[in-house]
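A.B. asks: Going down the list, the protein sequences come from chains L and H. Following the working numbering, the numbering of the first sequence begins with 0 at its first residue and continues without gaps. Following the working numbering, the numbering of the second sequence begins with 0 at its first residue and continues without gaps.
Hints are computed from structural coordinates only; laboratory data are not their basis. Be aware that one or more of the hints could be misleading.
Treat identical chains as interchangeable: a pair holds within one or across any two.
[As the list claims (entries may be wrong)] Subject to a maximum C-alpha distance of 25 Å in a straight line, what follows is the list of computed DSS-like cross-link-like pairs (lysine-lysine):
hint, residue 1, residue 2
1, K372, K53
2, K272, K293
3, K449, K308
4, K450, K142
5, K199, K53
This structure is a prediction, so every number in the text was calculated from the model and none was measured.
2 protein chains.
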Amino acid sequence: MNGRRIVFVGAGGAGLTAAFTLARRAPDAQITVFSKDPVVAYSQCGMPFVLDRKILDFNKLVIYQPPVFKDLGLDVRTSTAIEEIDLDGRAVTTEKGERVEYDRLVIATGSRPFVPPVPGVHLPGVHTLLTLEDGKALYERLKDALNVVIIGGGPIGLETAPAFLDAGAKLTIIERVPQLMPSALDPEMAAIVQAHLEQKGARVITGRGVDSINGTARVESVTCAGEVIPADLVLLSAGIRPNTDLAKQASIDLGVTGGIVVDEYFRVRRNGKVLDDVLAAGDCAEVTGLITGKPVIYAVGSVANRQAKYVADNLLGKKTPYPPVLCPAVCVIGDLHVGNVGLTTHACEQAGITPLTFSARGATRARYYPGGKTVDIKLLSDGDRLVGGQIIGEEGVGGRINVLSLAIGKGMSPADLAGAETCYAPPVSPLIDPLTYAAEMLALKVARAKKSQ
Amino acid sequence: MNGRRIVFVGAGGAGLTAAFTLARRAPDAQITVFSKDPVVAYSQCGMPFVLDRKILDFNKLVIYQPPVFKDLGLDVRTSTAIEEIDLDGRAVTTEKGERVEYDRLVIATGSRPFVPPVPGVHLPGVHTLLTLEDGKALYERLKDALNVVIIGGGPIGLETAPAFLDAGAKLTIIERVPQLMPSALDPEMAAIVQAHLEQKGARVITGRGVDSINGTARVESVTCAGEVIPADLVLLSAGIRPNTDLAKQASIDLGVTGGIVVDEYFRVRRNGKVLDDVLAAGDCAEVTGLITGKPVIYAVGSVANRQAKYVADNLLGKKTPYPPVLCPAVCVIGDLHVGNVGLTTHACEQAGITPLTFSARGATRARYYPGGKTVDIKLLSDGDRLVGGQIIGEEGVGGRINVLSLAIGKGMSPADLAGAETCYAPPVSPLIDPLTYAAEMLALKVARAKKSQ
Ligand SMILES: Cc1cc2nc3c(=O)[nH]c(=O)nc-3n(C[C@H](O)[C@H](O)[C@H](O)COP(=O)(O)OP(=O)(O)OC[C@H]3O[C@@H](n4cnc5c(N)ncnc54)[C@H](O)[C@@H]3O)c2cc1C
Ligand SMILES: Cc1cc2nc3c(=O)[nH]c(=O)nc-3n(C[C@H](O)[C@H](O)[C@H](O)COP(=O)(O)OP(=O)(O)OC[C@H]3O[C@@H](n4cnc5c(N)ncnc54)[C@H](O)[C@@H]3O)c2cc1C
Numbered sequence: 000m001n002g003r004r005i006v007f008v009g010a011g012g013a014g015l016t017a018a019f020t021l022a023r024r025a026p027d028a029q030i031t032v033f034s035k036d037p038v039v040a041y042s043q044c045g046m047p048f049v050l051d052r053k054i055l056d057f058n059k060l061v062i063y064q065p066p067v068f069k070d071l072g073l074d075v076r077t078s079t080a081i082e083e084i085d086l087d088g089r090a091v092t093t094e095k096g097e098r099v100e101y102d103r104l105v106i107a108t109g110s111r112p113f114v115p116p117v118p119g120v121h122l123p124g125v126h127t128l129l130t131l132e133d134g135k136a137l138y139e140r141l142k143d144a145l146n147v148v149i150i151g152g153g154p155i156g157l158e159t160a161p162a163f164l165d166a167g168a169k170l171t172i173i174e175r176v177p178q179l180m181p182s183a184l185d186p187e188m189a190a191i192v193q194a195h196l197e198q199k200g201a202r203v204i205t206g207r208g209v210d211s212i213n214g215t216a217r218v219e220s221v222t223c224a225g226e227v228i229p230a231d232l233v234l235l236s237a238g239i240r241p242n243t244d245l246a247k248q249a250s251i252d253l254g255v256t257g258g259i260v261v262d263e264y265f266r267v268r269r270n271g272k273v274l275d276d277v278l279a280a281g282d283c284a285e286v287t288g289l290i291t292g293k294p295v296i297y298a299v300g301s302v303a304n305r306q307a308k309y310v311a312d313n314l315l316g317k318k319t320p321y322p323p324v325l326c327p328a329v330c331v332i333g334d335l336h337v338g339n340v341g342l343t344t345h346a347c348e349q350a351g352i353t354p355l356t357f358s359a360r361g362a363t364r365a366r367y368y369p370g371g372k373t374v375d376i377k378l379l380s381d382g383d384r385l386v387g388g389q390i391i392g393e394e395g396v397g398g399r400i401n402v403l404s405l406a407i408g409k410g411m412s413p414a415d416l417a418g419a420e421t422c423y424a425p426p427v428s429p430l431i432d433p434l435t436y437a438a439e440m441l442a443l444k445v446a447r448a449k450k451s452q
Numbered sequence: 000m001n002g003r004r005i006v007f008v009g010a011g012g013a014g015l016t017a018a019f020t021l022a023r024r025a026p027d028a029q030i031t032v033f034s035k036d037p038v039v040a041y042s043q044c045g046m047p048f049v050l051d052r053k054i055l056d057f058n059k060l061v062i063y064q065p066p067v068f069k070d071l072g073l074d075v076r077t078s079t080a081i082e083e084i085d086l087d088g089r090a091v092t093t094e095k096g097e098r099v100e101y102d103r104l105v106i107a108t109g110s111r112p113f114v115p116p117v118p119g120v121h122l123p124g125v126h127t128l129l130t131l132e133d134g135k136a137l138y139e140r141l142k143d144a145l146n147v148v149i150i151g152g153g154p155i156g157l158e159t160a161p162a163f164l165d166a167g168a169k170l171t172i173i174e175r176v177p178q179l180m181p182s183a184l185d186p187e188m189a190a191i192v193q194a195h196l197e198q199k200g201a202r203v204i205t206g207r208g209v210d211s212i213n214g215t216a217r218v219e220s221v222t223c224a225g226e227v228i229p230a231d232l233v234l235l236s237a238g239i240r241p242n243t244d245l246a247k248q249a250s251i252d253l254g255v256t257g258g259i260v261v262d263e264y265f266r267v268r269r270n271g272k273v274l275d276d277v278l279a280a281g282d283c284a285e286v287t288g289l290i291t292g293k294p295v296i297y298a299v300g301s302v303a304n305r306q307a308k309y310v311a312d313n314l315l316g317k318k319t320p321y322p323p324v325l326c327p328a329v330c331v332i333g334d335l336h337v338g339n340v341g342l343t344t345h346a347c348e349q350a351g352i353t354p355l356t357f358s359a360r361g362a363t364r365a366r367y368y369p370g371g372k373t374v375d376i377k378l379l380s381d382g383d384r385l386v387g388g389q390i391i392g393e394e395g396v397g398g399r400i401n402v403l404s405l406a407i408g409k410g411m412s413p414a415d416l417a418g419a420e421t422c423y424a425p426p427v428s429p430l431i432d433p434l435t436y437a438a439e440m441l442a443l444k445v446a447r448a449k450k451s452q
């Protein structure tokens, strides 16, 4: 290894995973991992389900206990924020003033919830959900909450919505743009999510922003388009921003997305010059979108985890270029699984693509087999390849998203996907998989469009 | 269309589906469909689940009622066996002596259960499960059965096994070769299926054949390797044979598999000469295996259904060549989903391939999320591409088999599959999908094998 002292700032999905991999493969490395949080190695992604009492205890989310770090020879410093990076001196300084030198530095500071610039947003009772402490705080308040407002129609708030409803609170969700989950779904697919939430008892307001959050000692209401909505608890879920304070302070280059610019080996830049000894990965760093070739922030754990392996490889001197990212994702809202991969129609348009689309509603089992669910599928093509897909249903979503991810990732056309054989048994799928059907119909549309050119 | 009078012999997954498609697309065609069975347009595949009372009535399996045929202008003749095909005279003759002329003929006579040449096999109380009448007869007997023996470890018998167990019968399954499901699974994967059945109360005997089925008026016992096993009901599930009596009688060429030889347009041959006006499809016809390039019989509904579209295309003069077949399949044994695609180790060896394999046991959800199931995965590579896979678990099998089917079908390597991004949410999958993990480990094995060459 090129330099033995490796410092990670951030012990989340990217940082800690990379540190673990490195520790296993390079036992001689001297690895220090800093986290400003008191607990590390827990699953953020599980928190909505603890809040909804599907999982009985936040402690269940803690995947590794500190002795594991010791065994691996990892020095994990919790509750220790890094306040400064000295790139020239190759050292970081903790909030306690301790200076720690490195041969290689990995910045994996994650993201943070976007806090909209709304009056009253810092009132007590206004929550975000990022860390375990956030989760626990929300859990405590949740018990007594009668009126909850979620500001923003992003996935984290929607995954948490059932927790409020199941606790008996009156829930209002306010999203500024005219649909829920705008970065993952097309409007009519988002309407399915909205109908599901409404059917569970939520009120959903879209296309209207929040004017103010009101209260004296704590939050009492939210004003939305002139209407005053009572609220004793507010959850902000209006998207995330890469957490780049530290990078900015060190004059590390940020990109158009606001995230840290990295090359395919996760090396950062200062004034356009690549730094060989400083990497950045996870939610705080930009990646290249597979379809557009453009920089993008994908703040999901699966992407961060995958990046961690490349980071470890690169730290070990095994130069493995990280490929562009497609980012299949699935969000679980009560019983509803909401999956997406690649571009939405809006994202296509932004990228100069006028997509051909096909939407299909199918079933997850043979129609005579009990317990089958409806599955809604929308596929998008640029007139040649598949470029995106959205799938919503109560079962069979994850597997189909992964099929789509493979197809899109390998540059397949709708006809390629339609031509793929699928398995069949009445309890498992209909004879013709709805994804195959959607691909077939989109392939016809593509063929017709090509003919009429 | 080339000739208006189209005759189908067989109204199952291949024949009736092709006839439907044709009727919709060529309303001027004069289509006659013969079936020797009294009821058509039902799902054979659903029968094990009616027997197990998951589905409450055999009538639920009937997908289309006769008025639908009328509406489409289809003349469907049930309970009418064809006894002869006159290729030169272009006519078929029914068992009632009626002669019906055709311009184009489609033979879709399906398969039938293999009846092993064992003394006593024709005794009353010895059942097979192919038609709706078979299903109903078995259902009637099932109620009073105390001791059941399933002869053969094929999927149809195993899917039906839970029906016997749930009805309280003592069940013994006897398979001549040393494992269950030998054409779908490797031995250690079959052992998982066996353990599942044993845990549900079945006795499983492998590696031993049946000497005789014994009884006077009806079956009373089965003798297996000298042991007399009481039996008041026997189900034969020792594989299937293509139903080619009619084709044979007409001197249509049969292949090495015993199935009807067809070209990529499903045209049959007589003495090696292609007949332009006679097609065969479904279980009765050979297909070309995708990996081996060799003829094979795949008797599954998904294959028959897919073929039906090509048959309709070809009858309409739209020459669409049918590609080689991979045949992903899934068999549901109580709660257990048993999936496979491509070649087993044994099939590899028969094809001259020494496979590199990797087996992994994973989970279907994040480990802290309740309700997750174990999933067992085995992948096979020829040292370059993926050539087969087997997946067993109580959920998440079908979707992963379809991912594998796409990967194998497009000639991908284990590394290609490992490189595909997958979606993640705790209730839907672990952070790293077990299929991705298995592909990754197999890719390492393949890389090491290449290096050491
Ligand atoms: C409620 C919720 C649900 C989610 N659900 C899913 C899901 O279902 N599927 C999915 O794929 N993704 C999900 N995600 C996203 C996923 O959790 C993140 O993408 C992933 O954790 C990102 O990993 P990371 O290492 O980049 O950042 P994080 O895991 O957030 O880690 C950031 C680390 O940086 C540390 N840090 C930051 N600044 C400093 C500093 N100055 N000094 C010291 N330490 C610092 C933090 O303490 C922390 O240890 C969810 C996220 C949330 C919040
Ligand atoms: C119990 C069971 C469970 C199954 N489960 C699954 C599953 O889960 N998934 C899956 O993919 N596949 C499954 N299969 C297989 C699937 O049902 C068959 O592959 C499919 O039906 C084959 O279609 P086919 O048209 O070739 O034959 P069939 O559907 O069997 O149709 C044959 C037709 O030919 C007719 N016929 C035959 N000879 C004559 C004659 N001389 N004159 C007139 N008519 C004649 C018959 O009456 C019938 O109409 C299962 C099969 C069974 C029996």
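A.B. asks: Hints first: check each against the structure and report whether it holds.
C.D. replies: Evaluation of the provided hints:
In this assembly of identical chains, K372 and K53 lie within 25 Å of each other by CA distance both inside one copy and across copies; the values are 21 Å within and 16 Å between. Only within a single protomer do K272 and K293 lie at most 25 Å apart by alpha-carbon distance; the minimum there is 20 Å, versus 57 Å between protomers. Taking CA atoms no more than 25 Å apart as the test, K449 paired with K308 passes between copies only; the shortest distance there is 23 Å, against 41 Å inside one copy. For the homomeric pair K450 and K142, neither the shortest alpha-carbon distance inside one copy (61 Å) nor that between copies (60 Å) is at most 25 Å.
Taking CA atoms no more than 25 Å apart as the test, K199 paired with K53 passes inside one copy only; the shortest distance there is 17 Å, against 29 Å between copies.
Violated hints amount to a single one, hint 4; each of the other numbered hints is respected by the structure.
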